[in-house]
Amino acid sequence: MEESQNAVRKISFFFVAVVSVLLFLSFLSLYQAVETYRRTGSPDYLTVTMSVSAIALSSYMILQMRRKPVKLGFEPPKVYTTVECPNCQFKSTREFQEGDYVFKEVENCPKCSGKMFISFIYRIADEEKK
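To convert, note that position 54 of the sequence shown is 1319 in my numbering; the numbers rise steadily by one, no gaps.
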């Protein structure tokens, strides 16, 4: 579980390429709008507006890619396994391990050396935060 919390955020190469091309084409379009204004004397407001909007959007996307992901405050609930000995009724509780299932035979009993099995798998929700 700690691996998922410390995982590095990977950014898709394709996404970076698309944003870079969008940024380049936006600047190219803005340059062409300025050149058209110099030659004809009439401004092309639509092209300028679209170019500036695309530059702003691309810049925002680049900034969002660089930021750390937002933590939503969600913690997975703790899951526990109760292991029981059918001979001497000894019970112990441990954290859930992948592959655990009810009635699975696990280690030997520390009291009577008999086989222990998993009797319960349950989770505990944090009631304090509510």
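In case anyone wonders, no lab produced these hints; they're calculated from the structure. Treat the numbers as computed from the prediction; the structure is a model and nothing was measured. Please note that a few of the clues may not be correct.
Unchecked claim - Computed cross-link-like contacts, PhoX-like style, restricted to lysine-lysine with a CA-CA straight-line distance of at most 20 Å: (1) K1356 / K1380; (2) K1376 / K1356; (3) K1369 / K1356; (4) K1343 / K1356; (5) K1380 / K1369.
Status of the hints after comparison with the structure:
no.	hint	result
1	K1356 / K1380	holds, 12 Å
2	K1376 / K1356	holds, 10 Å
3	K1369 / K1356	holds, 14 Å
4	K1343 / K1356	holds, 19 Å
5	K1380 / K1369	holds, 10 Å
Every hint, counting from the list given before, is met by this structure.
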